[in-house]
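> So the chains spell out like this:
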Amino acid sequence: MWQYIVRRIFIGMFVLLGVSMIIYGLIRIAPGDYVSNLTSSNPEVTQEMIDQLNELYGLNDSIPEGYSKWLIGVMQGDLGTSFIEQKPVTEVLSSKMWFSFWMAFPAYILQILIAIPLGILSATKQYSKTDYAVTTFALMGMSLPSFFFAALLQRIFAQELGWLPLSGMKTARMDYEGFALVMDMARHFVLPVMVLTVLGIGGLMRYSRTNMLEVLKEDYIRTARAKGLSESKVIYKHAFRNTLIPIVTILGGMIPGLFSGSMITEGIFGIDGIGNASLAALRGGDIPFIMGATLFMAALTLIGTLVSDVLYGVVDPRVRLK
Amino acid sequence: MKKFAKRFALLSLTGVVATTSLVGCGSSSNDNNSSNQASAATGPSGTTVIAISSLNGIFSPFFSQTSYDRVIHDAVHEYLIEIDRDGFMIPNLASVEMEEITTDGNIQTVYTFKLKEGLTFSDGESITADDIIFNYKVYADPTYDGALTVSSLPIVGLQDYKYGDATEISGIKKIDDLTVEVTIDGVDPSAIHSLRIAVLPEHYYGEGFVKGDLSGVKSKNGTPMGAGPYIFEDYSNNVVSLKFNETYFQGTPNIEKIKFQLIDSANAFEAVRSGQVDIADPSASPDMIKMVEDAGLHYELIDHNAYGYVGINAERIPDINVRKGLMHLMNRGPSIESYYGPYASVIERPMTQVSWAYPSDAEEVYGYDKQKAMEYFELAGYEDVNGKLMKDGEQLRIEVGIAGNGIMDHPVAPLLMQMKVDLENMGAVFEVMDTDTSLFFDKIMLEEWDMWTAGWTGSADPDLYRYFHTDGSTAYHAFSDAEIDAILEASRQTLDTNELSNLYAEALDMIMEHAIIMPVYQRQNLYVFNPEMIDVYSLPENMTPYYLFYDELQNLQMK
Amino acid sequence: MAEATAKKEINLEKVVTPGQLVRKRFMRNKLAIVGVFILLGMFLFSFVGPFFSPYGEYTLFYISADGVEFSSDDLKGFDPSGAGVTIGNRQSPSSTHWLGTDKDGRDVFTRLMYGGRISLTIGIVVVFFQIVLGVTLGGIAGYFGGKIDNLIMRLVDVIYCLPTLPIMLIISSLLIAYKIPQDQKIYWLTLVMGLMGWASVARLVRAQILTLREREFMVATEATGIHPARRIIKHLIPNVMPQLIVVATMGMGSVILTEAAYSYLGIGVPFPYASWGNMVNVVSDPIIMRSYVFMWLPPGLCILITVLGFNFVGDGLRDAFDPKMKR
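As given, the protein sequences belong to chains H, S and Y, one line each in that order. Residue 272 in numbering that gives the first Met the number 0 sits at position 273 of the first sequence; the count goes up by one each step and never skips. Residue 309 in numbering that gives the first Met the number 0 sits at position 310 of the second sequence; the count goes up by one each step and never skips. Residue 134 in numbering that gives the first Met the number 0 sits at position 135 of the third sequence; the count goes up by one each step and never skips.
No lab work stands behind these hints: they were computed from the structure. A hint or two may mislead.
Claimed, not checked - The calculated lysine-lysine pairs, modelled on DSBU-like cross-linking and capped at a C-alpha distance of 30 Å, are:
no. : chain 1 : residue 1 : chain 2 : residue 2
1   : Y       : K233      : Y       : K146
2   : H       : K68       : S       : K161
3   : S       : K136      : H       : K86
4   : H       : K128      : H       : K236
5   : S       : K173      : S       : K161
6   : H       : K86       : S       : K256
7   : Y       : K178      : S       : K387
8   : H       : K86       : S       : K289
9   : S       : K371      : Y       : K75
10  : S       : K558      : S       : K289
Claimed, not checked - Derived Cβ-Cβ restraints for the label pairs, each shown as a range:
no. : chain 1 : residue 1 : chain 2 : residue 2 : range
11  : S       : P285      : H       : L55       : 45 to 51 Å
12  : S       : E423      : Y       : K178      : 15 to 21 Å
13  : Y       : L43       : H       : D60       : 51 to 57 Å
14  : S       : S359      : H       : L55       : 43 to 49 Å
15  : Y       : L300      : H       : G161      : 22 to 28 Å
16  : Y       : P180      : S       : S479      : 28 to 34 Å
17  : S       : P285      : H       : F178      : 55 to 61 Å
18  : Y       : K178      : H       : G161      : 44 to 50 Å
19  : Y       : R214      : H       : G72       : 47 to 53 Å
20  : Y       : K178      : H       : T45       : 23 to 29 Å
Glycine included, each C-beta is placed from N, C-alpha and C at the ideal position.
So here's chain H without its partners, still in its complex pose (with noise of 0.2 Å):
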């Protein structure tokens, strides 16, 4: 198994450089960049102000010589400086991936704990007024745009009912410490979370819903009903066990994705994640930042697959890697 992780990952390293690749090649040649996008309501730019700037941000380089001194820096670990933040840009994914997560994570284990149980629900009960009331509710999460939802949520709890905190990442007029503060934080995510969480439950509900409804398909489903054993054993010794191996995959494969950020979500909500941040960049023009975050959410995805695979391999015995 050791032999297929290092042979993916191995893969993905190439993976990673075609993607790196398509998207260097594309930010060049868009127009836009970040010098003009610096100087150009400027009135008392010069012309010679802007081919300084643009040397000393390397804009001047050929795509391929940029793309060379991009790659040698990111073998050499440097992914580069910001344009927008003037900092590092390993430092700058470093400091926000960890709002992202912390919007995620919450998100991500609700929607274990409403949509799973959701599915199982539904399934045991196919066709019926349950899992047809289950399913659409599910689904409706998964059926409005994000935004839409979030001005939904922003407009009843923050405007109408004051509960919640409309935007934002703490009480600025407050000086919170310790754990004061990270209560306070974790009010202001209430609202970013429920927009993830409901977005996603639909999709994972779905999952195991099918999951169980194929498992209580299965032979043995049907020989321990045979043997008389109780419906509620039945389901849930038999049945939902083994629908615990698909499920449990896709979770894993889910994790890394986490860190990767929300793009409208974030901005909605005012909080300071890779999502934000890269939008900021790519309208910005912030080349080191956009190779950054999309080589970050590249590698991102691809972890995420191979933890599902390898997972796969390890909760089913069945399946051997290769």
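Once you've looked at the hints, dock chains S and Y against the given chain H.
Relative to the frame of chain H, chains S and Y by itself:
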């Protein structure tokens, strides 16, 4: 709407100090002692929260890129010279004297900055001439990559410093501990706007500074220190915390702590209403004002020091009759009305009305008139061929750029829509390209659009040269006219405001006649205050775009 | 007569074709039926509806000084620049404008229909692209294996790892750079969405073909010497079809949502065309959110109902085709 506010702010982001209205805390002629004395007994108290819609964390006047970051560092730093309510220069940390001299037959201007006595930075160190020179040197450094353009001024010896081996700038001299003399070649009424820099302490920013290495200066980007009314504490979780500076030269501030919280401008109003912040600047519209009034909040409407316009590229549309025809298709009034309601007005000359140089008696030149437009197109040789407006076998085709963030969220959008309908009825093609700001200016500079709509954030300096002279640095209109050039050149030779006003008025009339720019609107900025937290009587009287409460943070008081 | 019917029924009982079985199972799922009706309704509304609307997609409404409404299509003798003329924006619902007018003074109801047309069309076309690309490449990879498989699958990995939103943002500025006219931007948008989305289809098809290849009936086709092309078309594709149909149905829903997200970021369907996505994003304006429910709620509901419809139908089809099928 919020998007527009954001973008409009963006236009000013990259401007020099002079192109932002959110300048530092200035001195003012009005007496502020009473409030200071009142609080002197108890000392500064309370925490106020101000909403800010973007933060990049670069709080250094050398390198900040957005007007938002600038708000933060202007509370921490102080300028040599400030701008008064009408956009004129007034002494602040220093006073300035300008003198024209002749050296070897060439005219030069000498600026003498004289620092007030006994001034200190917030850490107690005194402010000296060396600090000023250090600041100029940073701007002139060969590796300087910030947005300010001090180095494009014709300062004597600057080129030798920037590109040669010189270790000092010969035109910048220390006379004594408190006096610095700056010599520039020629006369330039705009120069003072770039020279009136914020003074940053050399002993703090200059650690390890040698020519060609600004890394030490940059390392202080996130932690500013200066002579302003507030001291930077920290920036974390999207909140900037500032603490009062006891030794501020215009008196100790009344509020102990000021925090700036990052809030999307769309949520600005709600944030004040819900008590999350005390001050915010949502964009003004009749609906917004009504909401603010209903919520019992205090608000101030202040002219925005900028104007919106529709520009035409004279190289791409060389025929003046076509340009005039297009001008007659711009229905400005309803368009602006629908976006801003009464909080914006149509202007008639391409200059911000806020400026002292705007000719107040200017009249409309091109009214909306389809008949006239068609006449002009016919005059240009276009005729209707099978429902198509053709000339020499080519259909009239206009491409216009707009920075509407892809959703046409822009006050000029309805104007363009009406134009699209009218032109298509006439048989022409009218292509609207909606994009975001960075791309937008790129396209203008590459002259890829026939027409575009944008805004100029005015500085306190009404200079027209840069926009309309053949050699202007941002002459996007690709337009050249000897007469206009002559007037604009003349305007660069005088420092007299009356004479300048007349020259500008004449130039503006001619620019209108050439139909290269249609001035569209001047809008107002809205500032909303929570009267239960902020003592609204402590706000400065008669705020103008040049002089906002930010310029008098030390006088702001909590209830 | 009665006898004949009875006989027929008996026959039906005897030979139930797989298709009938699927239909029977599908009909049992009430949600799926609801979904079908939702989609039918939405298609009628969007594709037939505009013919009954008196206004155009971007007709602009003005109100004259004495309160008479006229539009850019029908000036009624008024001059839009005349004194006191205002743009008739943000009008509340009335008999002339069933859902009022939007912030630029256009009829919301009419735009809702045109918007549906564009949203649904984009959904269908994008999914079509994804399926065609995914089936072709995934099929080739799965069927031939070896180096080709390796090559294609690495390409799939790369595409799969490209973060969609950043790519779309960059590409949309490229479109402006190369001066793609606004009306053609929609085609590019669909094309890029198709190009970005085929990877998962290809994976699915390939995996399916790999397992099918080992099955007895495929071995039999090989043994009997049937031509590879015929084997693929006649025996492999039909076996992948059910899954593709399900993926496609659900995919259409998610494309509509993706377009909405793009619109929110300003890179969706461009002005002056309407899409549900660019209509609903006014919800981010707090004033509209608070005071003009008729502007954002209808497009929001349209999206919700339609995507839900696609999901219902997709779910129903999956359950009906093969309950053992995953996802």
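> If a hint holds in the structure, say so; if it doesn't, say that too.
Outcome of the hint check:
Taken as a hint, the Y/K233 and Y/K146 pair is honoured in the structure, with Cα atoms around 25 Å apart against an allowance of 30 Å. Our distance criterion of 30 Å between C-alpha atoms is met by H/K68 and S/K161, whose separation comes to about 27 Å. Of the supplied pair hints, the one linking S/K136 and H/K86 holds, its CA atoms being roughly 23 Å apart against a limit of 30 Å. A distance of roughly 25 Å separates the Cα atoms of H/K128 and H/K236; the hinted pair therefore holds under the 30 Å criterion.
Restraint check for S/K173 and S/K161: satisfied, since their Cα atoms lie roughly 19 Å apart, inside the 30 Å limit. For the proposed pair H/K86 and S/K256, the alpha carbon gap of about 27 Å is at most 30 Å, so the pair holds. Between Y/K178 and S/K387, the direct Cα distance comes to roughly 22 Å. Compliance with the 30 Å bound is thereby established for this hinted pair. A threshold of 30 Å between alpha carbons decides the hint, and for H/K86 with S/K289 the separation of about 43 Å lies outside it, so the pair is violated.
Simply put, S/K371 and Y/K75 have alpha-carbon atoms about 20 Å apart, close enough for the 30 Å limit, and the pair holds. Restraint check for S/K558 and S/K289: the C-alpha separation of about 24 Å stays at or below 30 Å, so the hint holds. The given range of 45 to 51 Å is respected by S/P285 and H/L55, whose C-beta atoms sit roughly 46 Å from each other. At about 19 Å, the beta-carbon gap between S/E423 and Y/K178 stays in the expected band of 15 to 21 Å.
The beta-carbon spacing between Y/L43 and H/D60, approximately 56 Å, falls within the hinted interval of 51 to 57 Å. Taking the beta carbon of each, S/S359 and H/L55 are about 44 Å apart, inside 43 to 49 Å as hinted. Checked against the hint of 22 to 28 Å, the C-beta distance between Y/L300 and H/G161 comes to roughly 26 Å, which is consistent with it. Checked against the given bound of 28 to 34 Å, the beta carbons of Y/P180 and S/S479, roughly 30 Å apart, stay inside it.
For S/P285 and H/F178, the hinted distance range of 55 to 61 Å is not satisfied, since their beta carbons lie about 46 Å from each other. Separation of Y/K178 from H/G161 is about 49 Å and conforms to the stated range, judged on CB atoms against 44 to 50 Å. Between Y/R214 and H/G72 the CB atoms are about 50 Å apart, so this pair conforms to the stated range of 47 to 53 Å. Roughly 28 Å separates the CB atoms of Y/K178 and H/T45, a value that falls within the hinted 23 to 29 Å.
Going through the hint list in order, the structure does not satisfy hints 8, 17.
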